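Start from the sequences and build out the full structure, keeping to the hints where you can.
Just so you know, the protein sequences line up as chains H and P, in that order. Each residue of the first sequence is one higher than the one before, starting from 1 at the first, in the UniProt record's numbering. Each residue of the second sequence is one higher than the one before, starting from 1 at the first, in the UniProt record's numbering.
Rather than coming from a laboratory, the hints here were simulated on the basis of the structure. On a predicted model such as this, the values are computed, not experimentally measured, just so you know. Among these hints, one or two may not hold up.
If chains are identical, the list can't say which one is meant, so a pair holds when it fits in one copy or spans any two.
What the hints assert, rightly or not - Dumping the calculated DSBU-like pairs for lysine-lysine here, alpha-carbon to alpha-carbon at most 35 Å:
#	residue 1	residue 2
1	K83	K168
2	K140	K258
3	K203	K92
4	K140	K209
Protein chains: 2
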Amino acid sequence: MPQMNRRIVLASRPQGQVSLDNFRLEEAPLAELRDGRFLVRNIYLSVDPYMRGRMNDAKSYATPVALGDVMGGGTVGEVVESKHDGFAVGDKVTGMFGWQDYAVSDGAGVRKIDDTRVPLTAYLGVAGMPGVTAWYGLNKIIAPRAGQTIVVSAASGAVGSVVGQLAKLAGCRAVGVAGGAEKCRYVVEELGFDACVDYKAGKLYEDLKAATPDGVDGYFENVGGEVFDATLSRMNPFGRIAVCGMIAGYDGQPVPLKQPSIILTMRLLVQGFIITEHLDVWPEALRTLASLVAQQKLRYRESIVEGLDHAPDALIGLLRGKNFGKQFVKIA
Amino acid sequence: MPQMNRRIVLASRPQGQVSLDNFRLEEAPLAELRDGRFLVRNIYLSVDPYMRGRMNDAKSYATPVALGDVMGGGTVGEVVESKHDGFAVGDKVTGMFGWQDYAVSDGAGVRKIDDTRVPLTAYLGVAGMPGVTAWYGLNKIIAPRAGQTIVVSAASGAVGSVVGQLAKLAGCRAVGVAGGAEKCRYVVEELGFDACVDYKAGKLYEDLKAATPDGVDGYFENVGGEVFDATLSRMNPFGRIAVCGMIAGYDGQPVPLKQPSIILTMRLLVQGFIITEHLDVWPEALRTLASLVAQQKLRYRESIVEGLDHAPDALIGLLRGKNFGKQFVKIA
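Listed below in structure tokens is the structure:
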């Protein structure tokens with residue numbers, strides 16, 4: 001059994017943009033394993049936009065990470081020692097063990113996973129929380145009918161890529177918004193969206209209008225800011241907007257919505273949601289998503305950084321739109 | 001039978017604020033009554049905020065009034081001549097006959113009303129479209145539970161006053177927002193709200209915070225602008241916002257929403273609606289509202305201007321918040 005655990009803790013709260021000195025790598029001894037517990041060696045850490053919110057000490061949906069605490073987050077790993085009847089050495093598991101090499105668990109919130117048909121990392125992505133997030137927002141809030149037009153921002157990302165592919169499987173027109181020609185090409189050519197608008201090309205509204213000739217019936221909001229404004233202007237009457245992320249505002253400055261009156265004039269439904277509050281849908285969603293992955297009907301791309309000490313870089317890059325696909329840190 | 005009809009038509013579309021020269025009073029001959037028709041003498045015209053939207057030639061929920069057409073709007077009146085089996089001379093009716101002395105109808109969209117227990121004007125207010133609007137937004141979107149806090153803007157107005165009183169009848173804490181000490185006193189002392197915040201007093205957020213110590217569970221949005229911003233900051237998780245009006249933006253300039261990310265962080269539902277698209281609820285709502293009026297459980301105030309030629313003034317005053325209670329023009 002290992003004696004020491006390396007972990008990354010929150011050293012200070014960001015003032016505006018996150019920087020490396022908000023984090024600290026430290027080592028701490030591992031206590032002896034008690035009965036009813038098991039020890040997990042984390043293999044992959046998930047890096048997600050919501051982590052920015054938890055670094056603030058503000059009224060929010062996410063409990064803030066306390067100063068000096070391990071940065072939280074989803075992980076997949078392997079049981080390396082066990083005094084728990086339900087978990088054996090060698091079991092692959094996914095949980096919320098955060099940015100550290102090892103974690104001790106009593107099994108609460110931990111799920112055993114099968115990596116024979118679905119790769120380990122998929123359980124943190126398309127067949128994990130991001131996938132369930134996409135599934136919920138699309139099916140439970142947007143509830144599209146075949147033939148409708150669905151727009152999703154951050155379309156090449158972990159959530160957005162699943163939203164568009166599920167929309168296509170439901171017979172919809174799927175239009176992505178992403179940053180840069182390369183991401184847009186990927187969204188259309190590899191993920192099979194009908195169109196993708198490059199918000200960095202300087203004519204967001206015009207390009208979005210051209211890509212949505214029949215208007216927009218459903219919008220899956222991952223970004224906020226100007227993409228939200230542009231899409232709002234394209235909404236059809238009775239459109240639905242699932243609000244899942246507002247990266248544009250995560251760095252502290254609120255980003256206004258320019259024309260909220262469209263909510264009234266187009267009689268829109270706008271619904272914010274946090275997927276961890278809808279645990280009742282997870283079994284159905286996870287079953288569906290894992291099955292689609294195994295049948296190769298859901299494609300995805302991953303962005304993997306190696307080494308625990310690079311987790312802060314990975315988060316900073318993600319918040320600046322530098323990743324391409326679901327971001328992980330491989331630590332074993 | 002009268003020979004001539006006076007009417008107010010849209011002479012030009014407003015650039016920004018509405019002015020008197022956007023309207024023209026004209027006279028036109030009345031055609032002879034055909035079989036299956038009846039002639040109504042309008043007694044009261046309703047003046048409502050939505051009329052501003054119809055003066056624009058813009059993509060909106062409301063079909064624009066064409067230049068030269070009679071300004072539309074709800075009316076109550078009396079049948080003065082009839083060649084229709086369902087309507088007799090002397091019948092009191094409510095319909096959408098607009099800003100004119102007389103109108104000919106085949107009965108479509110016209111409802112006979114009984115003014116023995118409920119006054120005529122109430123059918124254009126608390127027991128008419130504004131009342132149904134309040135009933136729908138509160139019961140079908142906000143869906144409050146006893147003990148929750150409900151905020152309504154334009155609280156002394158035709159819709160807002162009903163929202164708060166229905167919220168009180170449902171066991172909620174009702175908090176109004178209105179402009180000026182006199183309106184606020186009316187909202188608390190006469191309508192029975194628990195509190196009312198004067199948005200003109202210069203410390204909207206602080207006053208709203210003091211009036212909503214347990215946060216806000218439901219918000220009925222009649223105004224937009226800074227009141228929307230302030231209330232959004234007080235929303236509790238899973239709060240519901242019924243978006244019914246955005247007067248603040250009716251004059252053409254879009255008014256931004258400063259912190260839309262609260263929709264996500266508080267997992268809010270924000271729903272725009274137009275009451276004429278929910279005709280299925282009208283019979284139930286009208287029955288409930290008329291019964292509450294007859295039992296004197298719903299109080300209301302009216303602002304009545306005399307003379308057809310003063311209808312434009314009345315609308316301009318309404319849009320500037322000068323009316324107190326439901327605005328009418330008495331023309332007979």
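Each hint, compared with the structure:
no., hint, verdict
1, K83 with K168, "neither (46 Å within a copy, 57 Å between copies)"
2, K140 with K258, "both (27 Å within a copy, 27 Å between copies)"
3, K203 with K92, "neither (47 Å within a copy, 56 Å between copies)"
4, K140 with K209, "both (26 Å within a copy, 33 Å between copies)"
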